[in-house]
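**Student:** Here is how the chains run, residue by residue.
Protein chains: 2
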Amino acid sequence: MSILITGVAGFIGCNLAKRLTNEGHIVVGVDNLSRGALQNLSVVENEANFHFIETDCADMPSFLAEMSTFHQKFPFTEVWHLAANSDIPAGVSDATVDLKDTFMTTFNVLEVMKTLGIKVLAFASSSAVYGDHGDQSISEVSGPLLPLSNYGAMKLASEAAISAAAESFLTKTFIYRFPNVIGVPATHGVLLDFVNKLKANPNLLNVLGNGTQQKAYLHVDDLIEGMLQIQRHATEKVAVYNLGAEDEGISVRSIAEAVVARVSPRANIVYGVENRGWVGDVPKFQYCLDKLRKLGWTPELDSTAAIKRAIADIVEQEITKK
Amino acid sequence: MSILITGVAGFIGCNLAKRLTNEGHIVVGVDNLSRGALQNLSVVENEANFHFIETDCADMPSFLAEMSTFHQKFPFTEVWHLAANSDIPAGVSDATVDLKDTFMTTFNVLEVMKTLGIKVLAFASSSAVYGDHGDQSISEVSGPLLPLSNYGAMKLASEAAISAAAESFLTKTFIYRFPNVIGVPATHGVLLDFVNKLKANPNLLNVLGNGTQQKAYLHVDDLIEGMLQIQRHATEKVAVYNLGAEDEGISVRSIAEAVVARVSPRANIVYGVENRGWVGDVPKFQYCLDKLRKLGWTPELDSTAAIKRAIADIVEQEITKK
Numbered sequence: 018m019s020i021l022i023t024g025v026a027g028f029i030g031c032n033l034a035k036r037l038t039n040e041g042h043i044v045v046g047v048d049n050l051s052r053g054a055l056q057n058l059s060v061v062e063n064e065a066n067f068h069f070i071e072t073d074c075a076d077m078p079s080f081l082a083e084m085s086t087f088h089q090k091f092p093f094t095e096v097w098h099l100a101a102n103s104d105i106p107a108g109v110s111d112a113t114v115d116l117k118d119t120f121m122t123t124f125n126v127l128e129v130m131k132t133l134g135i136k137v138l139a140f141a142s143s144s145a146v147y148g149d150h151g152d153q154s155i156s157e158v159s160g161p162l163l164p165l166s167n168y169g170a171m172k173l174a175s176e177a178a179i180s181a182a183a184e185s186f187l188t189k190t191f192i193y194r195f196p197n198v199i200g201v202p203a204t205h206g207v208l209l210d211f212v213n214k215l216k217a218n219p220n221l222l223n224v225l226g227n228g229t230q231q232k233a234y235l236h237v238d239d240l241i242e243g244m245l246q247i248q249r250h251a252t253e254k255v256a257v258y259n260l261g262a263e264d265e266g267i268s269v270r271s272i273a274e275a276v277v278a279r280v281s282p283r284a285n286i287v288y289g290v291e292n293r294g295w296v297g298d299v300p301k302f303q304y305c306l307d308k309l310r311k312l313g314w315t316p317e318l319d320s321t322a323a324i325k326r327a328i329a330d331i332v333e334q335e336i337t338k339k
Numbered sequence: 018m019s020i021l022i023t024g025v026a027g028f029i030g031c032n033l034a035k036r037l038t039n040e041g042h043i044v045v046g047v048d049n050l051s052r053g054a055l056q057n058l059s060v061v062e063n064e065a066n067f068h069f070i071e072t073d074c075a076d077m078p079s080f081l082a083e084m085s086t087f088h089q090k091f092p093f094t095e096v097w098h099l100a101a102n103s104d105i106p107a108g109v110s111d112a113t114v115d116l117k118d119t120f121m122t123t124f125n126v127l128e129v130m131k132t133l134g135i136k137v138l139a140f141a142s143s144s145a146v147y148g149d150h151g152d153q154s155i156s157e158v159s160g161p162l163l164p165l166s167n168y169g170a171m172k173l174a175s176e177a178a179i180s181a182a183a184e185s186f187l188t189k190t191f192i193y194r195f196p197n198v199i200g201v202p203a204t205h206g207v208l209l210d211f212v213n214k215l216k217a218n219p220n221l222l223n224v225l226g227n228g229t230q231q232k233a234y235l236h237v238d239d240l241i242e243g244m245l246q247i248q249r250h251a252t253e254k255v256a257v258y259n260l261g262a263e264d265e266g267i268s269v270r271s272i273a274e275a276v277v278a279r280v281s282p283r284a285n286i287v288y289g290v291e292n293r294g295w296v297g298d299v300p301k302f303q304y305c306l307d308k309l310r311k312l313g314w315t316p317e318l319d320s321t322a323a324i325k326r327a328i329a330d331i332v333e334q335e336i337t338k339k
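Heads up: the sequence lines are chains R and E, in that order. Once you know that position 95 of the first sequence is 112 in my numbering, the rest is easy, because the numbers rise by one and skip nothing. Once you know that position 123 of the second sequence is 140 in my numbering, the rest is easy, because the numbers rise by one and skip nothing.
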């Protein structure tokens, strides 16, 4: 197999590249290195079957030219489209950020696939497409889909464009609605934020929001295993799957306490007053994972175990190694 | 009230402009006249409170400049965003058509509203956001949303962007999921297509698809009355409503027979073999309208009555007048 991964230098992209090269596939990774980093690719850079191309999927002419050249040598059999904005508040203040990095990347990936005749697409969507459903457990058929952030909006826009492309020229499509995913290399997110705040000031951890926001977390190793299981077993032409842990999640307060206990036990934790951290943040969120379970797979780690392992990973990355 | 209507020179836009000017509002209509036509505005062109500006919502700098100028004189209180591609097959063969005309128009309308501080938006969405749900009756909470055409995809993308904007800077938003809407001035659609085919050849009506596709139709007068009723009574911040007739719809075969009976009774009707007319066409579609009914309003005409009145309207437009 010859596989294209977009956003390969990001947190999930580099873990996926490692897994797919280990399985023996030819893997071509592209990234514009705006949020991803070359150092994340150290895990695959010495693999003979891994190739990195620096290009911006949002820049259609150069993206298409680069892909056409490679496609002539090793015709791509599938695409994993992970490239997207990862700074959600930045996208809320300026809608053009997610327009370009989260949506136009998808639009262009589809145009490239149509032009080159590539028929299989796996897409990193997000729980953010659902918006705020309160205490309701969210399944793949839940609606209405009213995202709160431009990030969620442009992930939903991407799903929609993929769905239309599936009707027209794709043969198989996987839409993975990611939960909060944690692990290393950590590039953003609550754990990295907390660890770095404590590095800067070991006596104080300021938390955005009142700490009651509760979400489920999935470790990146489980995420990748889950996606590959879905790809093996799902039968729909457009296979939409929630991916996540089965538990009720863990509160920001519990996460803050766990990071403080590990990094700087003497620190005071100071909370905000709102029940959300920023515009577009969903205060509580729980997935229904019946559809995933029916494929015969569940994650190895629940939210609490995933947080615990990821804190250890990130402390190693941010403190021990530096 | 000072109201902006985009796509004002289209079929629904000009009918809406007439209604809102009649109610005494200042109405500014914009259109790029690519699919709309100035002659559609004959019904409002002599109204002192109606103003037409030729501009393309997809061209941000000139659209914003025109709107800013007018906004300084008569600050807009709300926007009705109707501008979109109306040629669905064209958008299926070339995805950039709906990207520009159906999605970027919405994106830019939101940017203009944010810049000028306009807080209320009514949006013409579509039943096409749902995709194919088979025999299932479709309510506003139905999912998954897997549109089959780029038109449907970019309407869903628009809804998503509006939803995120509602969280960030809009105070009130109406998302109207239109059914098939009929009436005059007819610019596209099955009735106009059939009437014009029979004008060209009174002996033969070629029908795309096998004629079993069955859909509900709403007359444009009912559509506009329904939207205004929702605007008066809906309480949600983001009010998503299916708009349509309550019946099971009418088959393409019945429509073909009705048009033939009215226009050229001697014509033979020849059907295709597929159960859909084109890629992106949904063979069968039925709305659940419980949410609309709870507001205390139902359309005056069912699908059959709406088709009958619209055929008479279109024959008048295409044959009697010419």
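Calculated from the structure, these hints are not laboratory results. There may be inaccurate statements among the hints.
Pairs involving identical chains hold if they fit within one copy or between any two copies, as the list cannot separate such chains.
DSSO-like mimics (lysine-lysine), calculated; alpha carbons at most 27 Å apart, straight line [claimed, not checked]:
(1) Lys301 <-> Lys90
(2) Lys189 <-> Lys301
(3) Lys117 <-> Lys216
(4) Lys90 <-> Lys131
(5) Lys301 <-> Lys254
For clarity, every value in this text was computed on a predicted model and none was experimentally measured.
**Student:** To test your reading of the hints: which numbers does this structure violate?
**Tutor:** 1, 3
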